[in-house]
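*Asks:* What follows is the residue order along each chain.
2 protein chains.
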Amino acid sequence: MAKTAVRGTFLDFVDDPYKHVGNEEAAARFQADGLLVVEDGVIVDFGAYDDIASTHSGVEITEIRDRIILPGFIDGHIHLPQTRVLGAYGEQLLPWLQKWVFPEEHKYSEREYAEEGTKHFFDNLLASGTTTAQTFTTGNLTCNEVFFEEASRRNMRMIAGLTGIDRHVPDYFANTPEQFYDDSRTLIEKWHGKGRNLYAITPRFGFGASNELLAACQKLKEEFPDLWINTHISENPAEVHGVLALHDDCHDYLGVYEKFGLVGPKFTGGHGVWLSNSEFRRFSEAGASVAFCPSSNLYLGSGLFRLGRALDPEHRVLVSYGTDMGGGNRFSLLNSLEDGYKVGMLNNTILDGSILPSEQDLAESERNKLSPLRAFYSITKGGAEALYIDDLVGSFDIGKEADFVALDWTAGPPATAWHQSLSYSDGPLTLETVSDLLFGVMMVGDERAVDQTWIAGELAYQKA
Amino acid sequence: MAKTAVRGTFLDFVDDPYKHVGNEEAAARFQADGLLVVEDGVIVDFGAYDDIASTHSGVEITEIRDRIILPGFIDGHIHLPQTRVLGAYGEQLLPWLQKWVFPEEHKYSEREYAEEGTKHFFDNLLASGTTTAQTFTTGNLTCNEVFFEEASRRNMRMIAGLTGIDRHVPDYFANTPEQFYDDSRTLIEKWHGKGRNLYAITPRFGFGASNELLAACQKLKEEFPDLWINTHISENPAEVHGVLALHDDCHDYLGVYEKFGLVGPKFTGGHGVWLSNSEFRRFSEAGASVAFCPSSNLYLGSGLFRLGRALDPEHRVLVSYGTDMGGGNRFSLLNSLEDGYKVGMLNNTILDGSILPSEQDLAESERNKLSPLRAFYSITKGGAEALYIDDLVGSFDIGKEADFVALDWTAGPPATAWHQSLSYSDGPLTLETVSDLLFGVMMVGDERAVDQTWIAGELAYQKA
Chain A
8 MAKTAVRGTF LDFVDDPYKH VGNEEAAARF QADGLLVVED GVIVDFGAYD
58 DIASTHSGVE ITEIRDRIIL PGFIDGHIHL PQTRVLGAYG EQLLPWLQKW
108 VFPEEHKYSE REYAEEGTKH FFDNLLASGT TTAQTFTTGN LTCNEVFFEE
158 ASRRNMRMIA GLTGIDRHVP DYFANTPEQF YDDSRTLIEK WHGKGRNLYA
208 ITPRFGFGAS NELLAACQKL KEEFPDLWIN THISENPAEV HGVLALHDDC
258 HDYLGVYEKF GLVGPKFTGG HGVWLSNSEF RRFSEAGASV AFCPSSNLYL
308 GSGLFRLGRA LDPEHRVLVS YGTDMGGGNR FSLLNSLEDG YKVGMLNNTI
358 LDGSILPSEQ DLAESERNKL SPLRAFYSIT KGGAEALYID DLVGSFDIGK
408 EADFVALDWT AGPPATAWHQ SLSYSDGPLT LETVSDLLFG VMMVGDERAV
458 DQTWIAGELA YQKA
Chain B
8 MAKTAVRGTF LDFVDDPYKH VGNEEAAARF QADGLLVVED GVIVDFGAYD
58 DIASTHSGVE ITEIRDRIIL PGFIDGHIHL PQTRVLGAYG EQLLPWLQKW
108 VFPEEHKYSE REYAEEGTKH FFDNLLASGT TTAQTFTTGN LTCNEVFFEE
158 ASRRNMRMIA GLTGIDRHVP DYFANTPEQF YDDSRTLIEK WHGKGRNLYA
208 ITPRFGFGAS NELLAACQKL KEEFPDLWIN THISENPAEV HGVLALHDDC
258 HDYLGVYEKF GLVGPKFTGG HGVWLSNSEF RRFSEAGASV AFCPSSNLYL
308 GSGLFRLGRA LDPEHRVLVS YGTDMGGGNR FSLLNSLEDG YKVGMLNNTI
358 LDGSILPSEQ DLAESERNKL SPLRAFYSIT KGGAEALYID DLVGSFDIGK
408 EADFVALDWT AGPPATAWHQ SLSYSDGPLT LETVSDLLFG VMMVGDERAV
458 DQTWIAGELA YQKA
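Residue numbers (our numbering), protein chains in the order written: chain A, 8 to 471; chain B, 8 to 471.
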């Protein structure tokens, strides 16, 4: 495709704001009047309009006014086949799976239903500004074929894989380790690295996995070492007890995955609400990541992830954010940031020592505060780093894929516009102003702020 | 005004669903094809269309199709002058007040700004389906005059009063007890019982009140015994410690208000997150109520209100829901229900005994589950009962004021419609179906579900 360009106000990140406490702006890159030049879906230039426009005379420029343009949002943990049953009533994790989730996911064995659901899934992602998602599917081949077909058709950078389970599951929904291995291989050979698709070996969770299923995962990782691994860990106390009963040779939940050599770069454990200090250290040493899913953790009552603990520089754990739609009741990562902010603030009521003085930890407390720069880093560059795709997406560096979102900071519930006018009404935008507006987007607004979503340099979604 | 009528699908409550565990439907009243007849803003008839329509031949009927009509929502705790600063970053309660709130509230001393803010406030309430709110204003007379003028113009059933504070407050914003008493009296005599206005004696909170200010409140209550009393209690641990340092002759926070004879029917303490068992009992015995503000409690990290404990039939505490906008980051009570559901589920991770077996309490746990019928009772009849206005609003009984809301269950974020289709696509609605759809509205939808809001039998808001 010919070179094209977009002119507007851009914000992305060149570093991790958590490494610049008290001076977060140093981690951000802001172009009040910037130009992003794209060719064949890839960024070929980016900078201030006045600096670089002359180099690209003749290139068709789309002007995006009154918007903040960020890299597309990255969701580290989401469930394709729960699209219709998000927000199901009243159960904690384990009974919820049995009552609501497995019956719905099973419908994706039928191609027609899978196609309907998958279309809704991708439409909802784009309407939420999500351009990349590490996705759980089901253990059924048809469901996965439909997923990768649609991801390919939309040309989106997606990570997914056959989601296997063979314990604590109804027979109609269970895999065997052999079928899991065979069907995973089929999908890997057909889809991994084709177009923008990336494959993740996906044992649903330790509580649902026999030793044989996990051994099949280990075999696949040895045969295809550059694959991702996507699973759950330590989401809910009963689940943790249950997995240690099932794998009684392990001391803790992470040990179950370590036993099979699965923990390292490109490994994601979703939730991690009940991880111990030892497990956090081992995550960090292995270069593995946690997908923090606050909306789900609140919705299922799983608990409060120790975000500030995970981000301790002494053993920094890579963290992405996940909607965990449908344990999470919303598709939008903006709501995940809202709930992540709330989890952090709840953690701090303990960590400020006002209840138990012995619990005071002001440094950890500080890391629980989800400032807007921390927040939007976490769902762009931070998410990309956690998922080991930061060479491909997550910022406006030359050579990266041109996935981005244009946000209208006035859009959302009726209270949004007047609130935002406290920070800005007219004139040139500054980084400080944009930071304040983005906080308003995440706490007062919602996915209505997503005005446009672009995939590989092409407009893929325009809000009506 | 001439008689008018509305035909549609109606849901309201005849009893408290918490008193019908396992059979909540017994507390609800459902009309799949109902007729509500209104004259001079008051309900004069209500029932199945086929039963009563013939009695009202010649009356102009508005048909509301494809909607669920409920009584207007009741917000037990909200701050008019925080309309613009909702969602302010990063502080727990006490520093948040100093940094963000007092400076903004002070602007309402200027009539022009107060009028602008008050218009936004009421517009946002109506767009959220809220038809009655017990409202904090400021300690300034102008602000309160503007409030009651606008409430009168809109003919809404509102409770509010001069919001006094004289401790831990910047000088520019402080009342004196004498000025608080005098200006409160002025407002009471001018506005209480005029039109639909009701007055609440409003000492902002014990942490911000000298003995003299509280004594002024006591005097007002003795002089005007039918007034409401609206304040805060036990929201945040540091605040609790602080109030007991300020009022060191009291054992607990409720004791501060009891000392001045303020606790009884029509007394509301907002939040109550850190209330002791003894305080819950005394609330119950006094017939006083708590306004549960889950969005705010999460947003400011205040903690998790023990909803199931408050609703223990042995000492049932009256509970309303409050958005607490702007400590709460949203105007819509639907988001309060969403967050209330999450608080209940988080409570239950303790109460199921999976962490500490000694904490198991399955009965309390059951009361933490916010089913849709419990939820919508709580923001209609339940809220009215807690605020002692259930003779006036909160259900479709003959003689009550005709405030109601028409909800479109398909509206909200993009995922909403397909999710709701799991429960209903066509044909007659049933109570069971409507209950499921309402859960979708509160957990997957948002204030976009509010299609129309009617005040005293007249359409006051139509979604664009």
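There's no promise every hint is true.
What the hints assert, rightly or not - Quick list of in silico lysine to any residue cross-link-like pairs, SDA-like style, CA-CA up to 25 Å:
| id | chain 1 | residue 1 | chain 2 | residue 2 |
| --- | --- | --- | --- | --- |
| 1 | B | K106 | A | E98 |
| 2 | B | K26 | A | E98 |
| 3 | B | K106 | A | G360 |
What the hints assert, rightly or not - Partner residues are not named here, just some residues of chain B that face chain A (Cβ under 7 Å, in silico):
| id | residue |
| --- | --- |
| 4 | G48 |
| 5 | I50 |
| 6 | R91 |
| 7 | Y96 |
| 8 | G97 |
| 9 | K197 |
| 10 | S217 |
| 11 | F338 |
Think of the hints as simulated: they come from the structure by calculation, not from any bench. All C-beta atoms in this analysis are idealised placements derived from N, C-alpha and C, irrespective of residue type, glycine included.
*Asks:* Kindly indicate which numbered hints from before are broken by the structure, ordering the numbers from low to high.
*Replies:* 1, 4, 5, 9, 10
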